Amino acid sequence: FFFFPERHVGNVRHERGKRLWFDVSKIAVGSELMGAELRLYQTPNCTLPPHRQYTLTIYSVLHNNRDKELEYVDSVITTGDHSGWLVFNMSGAVTAWVESPSANKGLYISLHMTHHNSGKELLPEEIGLTTTNSGDKEPFLVVFLGASSRSRQRRQTGSGGGRRRKKTADSSYPRNPLTDRPWARAHKSCQLQTLYVSFKDLKWEDWIIAPVGYEAFYCSGECNFPLNAVMNATNHAVVQTLVHLMNPVKVPKPCCAPTKLSTISVLFLDTSNVVVKKYKNMVVKSCGCH
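Note that UniProt numbering has the sequence shown beginning at 1, numbered continuously upward.
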């Protein structure tokens with residue numbers, strides 16, 4: 001099941017972190033919760049030092065007052081130039097919310113510089129984090145239920161209201177995506193691979209003066225469940241992966257493809273002239289599941 005922020009919880013005065021609240025009341029008490037993930041999208045901030053590290057921490061709000069009491073949920077380390085989805089393990093928090101709905105007072109997102117002694121809290125927006133409704137980059141919570149729970153859930157909630165997105169896959173597929181991890185990890189995950197292109201091997205050395213070749217790189221690997229932050233998966237890829245698990249014959253897995261490319265400069269002969277030209281999209285910089 002997919003959940004999107006039902007409302008933006010107002011920040012307490014002087015808070016620099018952000019709050020989110022998800023309505024998970026549609027999940028029946030006693031459901032077999034296999035796992036839960038919060039996904040936040042980060043757009044690179046080119047004004048920040050590219051290799052400076054930041055720690056993004058997710059807390060569960062225990063008391064919603066001026067002297068807030070927080071409980072640690074999960075954290076990730078990122079950099080200012082990172083682009084893609086950041087994934088946080090929410091299994092414990094969601095389990096607590098399902099068992100006791102009144103305990104769901106939302107999440108608090110806190111950002112600090114890693115290995116920095118000042119302890120100063122930063123605005124998540126400073127590293128390009130999206131915490132509001134921004135189309136396909138909107139934060140979302142994905143909850144994985146066991147097959148028996150999904151069947152019971154459909155009987156209890158029917159078409160259901162709210163903004164919850166439902167899977168429409170055939171639940172008869174026998175594999176359990178969380179317990180069958182050795183099967184899912186049989187092949188390497190989608191990642192950047194080394195590829196050196198020699199212009200001599202391509203028989204282009206007669207007209208290309210420089211360079212003699214370049215590092216082009218390429219993308220290769222599997223887009224298996226679960227899609228972690230390293231895979232830079234789109235929302236569509238996440239959904240397609242889940243549908244593939246239920247009906248692998250009808251729906252293929254997402255493809256590993258370039259998500260960012262850069263240019264190279266080439267010095268070559270054009271009739272009797274020597275020309276320098278920049279060619280776009282020649283070098284793969286990062287890969288993702290699409």
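Calculated directly from the structure, the hints in this document are not laboratory data.
All figures in this text were calculated on a predicted structure; none of them were measured in a lab.
The beta-carbon is built from N, C-alpha and C at its ideal position, and this holds for glycine as well.
Where hints are given, some of them may not hold.
What the hints assert, rightly or not - Computed list of lysine to aspartate or glutamate pairs in EDC-like fashion (alpha-carbon distance at most 16 Å, straight line):
(1) K26 <-> E99
(2) K260 <-> E99
(3) K285 <-> D81
Claimed, not checked - For each label pair, taking beta carbons as the anchor points, the in silico distance ranges come out as:
(4) S91 <-> K250: 21 to 31 Å
(5) P248 <-> I77: 51 to 61 Å
(6) T194 <-> G30: 28 to 38 Å
Status of the hints after comparison with the structure:
With a CA separation close to 12 Å, the supplied pair K26 and E99 stays within the 16 Å bound. The suggested pairing of K260 with E99 is violated, with an alpha-carbon distance near 42 Å, which exceeds 16 Å. The suggested pairing of K285 with D81 holds, with an alpha-carbon distance near 12 Å, which does not exceed 16 Å. The beta-carbon spacing between S91 and K250, approximately 29 Å, falls within the hinted interval of 21 to 31 Å.
The hint said 51 to 61 Å for the Cβ distance between P248 and I77, and at roughly 34 Å that hint is violated. Distance hint for T194 and G30: a CB-CB separation of about 50 Å, inconsistent with the stated range 28 to 38 Å.
Checked against the numbered hints above, the structure breaks hints 2, 5 and 6 and satisfies the rest.
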